[in-house]
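K.L.:
In case you want the letters, here they are:
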Amino acid sequence: MTDVQDKPAAIAETGGGVVATLFRFQSVFGLLAVFVAAIIFSPRRDGQILFVSADNLANVVRAVSEIGIIAVGMTFVILIGGIDLSVGAVLGLAAVGSAVLMVESDWGFLPSVVVVLLIGLVFGALQGMATSMIGIQSFIVTLAGLQIARGLARIWSDGQGVAIAYGDGPDEAPESFAILGERTFGGLVPIPVLIFAVVAIAAVVFLRVSAFSRHLYAVGGNEKAARLSGVPVTRVKIAVFAVCGLLAALAGIVHAVQLNQGSPNDGIGYELDAIAAVVIGGTSLAGGRGSVAGTVAGALLLGVLNNILALNNIDSNIQLLIKGLVIVAAAALQRLRPTS
Amino acid sequence: MAEVAALVRMARIGKRYGGVRACREVDFSLGAGEVHALLGENGAGKSTLMKILSGDVTDYDGEIRINDEPVSFGGPTDAQAAGIAMIHQELDLVPGLSVADNIFLGRELRTPWRTVDRRRMDREARALLERSGVRLDPRRPVGELRVGEQQLVTIAKAISLDARVLIMDEPTSALTTSEVERLFVVIRELRRAGVGIVYISHRMEEIAQVADRATVLRNGEVVTSFDPRKLSTAEVVEAMVGRPVQTMFTTPDAATGDELLRVEDLALTPRRHRPGRRDPAGISLTVRAGEIVGLAGLLGAGRTELLETLYGVAPGGPRSGRILLQGKEIRPRGPRDALARGIGFVPEDRRASGLVLFHSILANTVLSSVPQYGRFGVVGRRRERAASVRMADRLRLKFGRLQDEVGTLSGGNQQKVVFGRMLLTAPKLLLLDEPTRGVDIGAKAEIYRLLGELAGQGLGVLLASSELPELVGVCDRVVVLRDGRDVASFSTADSGEGDLLAAAMGEGAVFEQVGGPL
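These protein sequence lines are chains P and W, in that order.
Going by full-length UniProt numbering, the residue at position 9 of the first sequence is 9; the numbering climbs one at a time, nothing skipped.
Going by full-length UniProt numbering, the residue at position 105 of the second sequence is 105; the numbering climbs one at a time, nothing skipped.
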């Protein structure tokens, strides 16, 4: 196949032409633009552009990886026309879970991680069941899920952050867990970034080649038509919410490692950053249209923006304003997208 | 008539959508008290022309004069102020509001205290409806009404605007025969009152009955104007299509095989009440392999609901009777189950329930069969493409590339995609609900040819349709439904449209059915 598309070619392809291409890769071009702007406006030290230093770039992607992992799951949910507001709370629950299991219950690395991931998976699947089998809108289901996950996290941790210290003794987490926070490839690439990259690439490949992804796009595009065509709509929905919960839990583990603690208040508001990344990435909130590659670009764009604003010591309140405007601009650009 | 000063005169109207010319140098006029029919295949430019006249489309070439005054509308409100009202094909009603509320939407009647005067609105709505020959409680929510009744409400609403120009876009598509008769009485009254009416319809016999003049559009241009009482249907069709259409219907192959489907006294009582629906209340019928069986009946007779029950998408609830497929009793649990058993379904509304309009032709065509083109859950690109191309050839699909959005196809070609999707699942029995609604004549003939071909290969077809000529022309046998029961069965070899109609409406009680409870 000759196409170099960021989503399954079989689903849809807007016509050729420069304008159409610009719009199709809108988020990638947006990312490039912000990247160039970041170089121009970057503070310099000894003639060195601080923004493009290896250390700083590694920091940008490391800071992005948690939101990025969540946003991949969010993309799936939004592609089927749903929304998942519980991901930030599930991240908190997973962070608490990792800390409590390893530090207080003295579990090993593998069982802790597996159980925490399972918790996310089951939590997501239950939300998927509620929305697909009872027919409650996912906004409401996951709004409730947000409260429940946050409540569970508080109960599990007695409302306190649980610090993670490493060692072999009691109340210490296994050393192997700390590896997740380190860097690899000559100290250049943080492990969380590696995890994010693996998740993103797996998701892109999955959406491009799998039969399941056809069903996923069809459910988001026209649920009734999908059902009448024999697409297992309920199964698709449950699976998608389960994956989203699983990825939120994975992000929670990464979060706990990086902060050396699990707090029930971790991840507050992350769902909104993840949705922002998806929207900037060009995925339609109406469902059936969008891509994980766009979401990755969207998450990176937000990360670069955060970084360059911080490097220039821009007031954090002003940062919020600028981020808001970028989201609106991205959404407005999509309205201008030529339709056939 | 020609000497009378025209009420509306549209001159050299042109309109482009991208590279497509929807209208090209169209001249159109309408006199006071004239009914002017507008004919043409889908995409001929009828709707565009009328959208320009009603202010929906504001950027066009050419000139509109009303009573010899040039006008330029900035939107539908301007057109309404100039006395132009349009009854849209897509009903623009608010389902949650009552009939009276809908009729007076945006111009509610007020009491001296500026509150909404519901009593007066109800009273006037009732009077308006009665004038259109409908007995309806004006306080009923519109969402509970049959589509045909909703159509009558929009007509009553348009009449209440006291418009000088009334545009009716396929006003009868969901009306029963007696409702159509009543509508024609109303149209004649309006004509006498000097209202100019533009009448868009696909039904030739209606046009001969009601129109004073007819204009045919093809590819955005006026082909001919004629007196509808003087031209034969065949001549009109030829003008619309641009070539002679010899055989619309393929004579069905009489040779049929073993019994494929047997429905015995099927009845369903859904737990959740569905307003405006008529669930099976005792239906028996059979379909043999290679046989095309028609389902006739008025709207609300239960045709769609029967097909849905057979496909497993009817609502839950106690049911009685039996469904047998090739002699084995089945209880279809849903589309997946039905498809796995070899039952395919082409739903009534392809845009709402058939297609993902903004996805590609390819993705839509293979949607039901995509897992079978791959291994380990990975789609085989080449195989799905090959299957899709094969199906497009077989259906004579007119398209650019398989990657194009299916929404860019014409109605008939969209319908072929839905057909193709089902055929790729290799069904034994096809359930079709109004498969040619909104499909132009050329594509219709091709769908009929396809049905004949499928039956020849031993497929059984159950075809629900409101078009009697279609039922008589395509089917081997027609079963008539009324009130959720099968009331008659005809062989099309020895009965005509009249027999079907009489059975569908029942004896005498025609008017009762129109206004009565469902």
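Hints in this document: simulated from the structure, not taken from any laboratory.
It is possible that part of the hints are untrue.
As the list claims (entries may be wrong) - No more than 27 angstroms apart at the CA atoms, straight line, and that leaves these computed lysine-lysine pairs for BS3-like:
#, chain 1, residue 1, chain 2, residue 2
1, W, 328, W, 428
2, P, 224, W, 230
3, W, 428, P, 224
To be verified - A few chain W residues that face chain P, going by a derived Cβ cut-off under 10 angstroms, partial list only:
#, residue
4, 350
5, 366
6, 371
7, 374
Said to hold, decoys possible - On the chain P side, residues computed to face chain W include the following (Cβ under 8 angstroms):
#, residue
8, 135
9, 187
10, 209
11, 210
12, 228
13, 289
Computed from a prediction, not measured in an experiment: that's the story for all the values here.
Note that beta-carbon positions come from the ideal geometry of N, C-alpha and C, so glycine has one too.
K.L.:
With reference to the structure, classify each hint as holding or not holding.
P.N.:
Verification of the hints:
no.	hint	result
1	328/W x 428/W	holds (14 angstroms)
2	224/P x 230/W	violated (46 angstroms)
3	428/W x 224/P	holds (23 angstroms)
4	350	holds (8 angstroms)
5	366	holds (8 angstroms)
6	371	holds (5 angstroms)
7	374	holds (6 angstroms)
8	135	violated (12 angstroms)
9	187	violated (37 angstroms)
10	209	holds (5 angstroms)
11	210	holds (5 angstroms)
12	228	holds (5 angstroms)
13	289	holds (6 angstroms)
Comparing the model with each earlier hint shows violations of hints 2, 8, 9; every other hint is respected.
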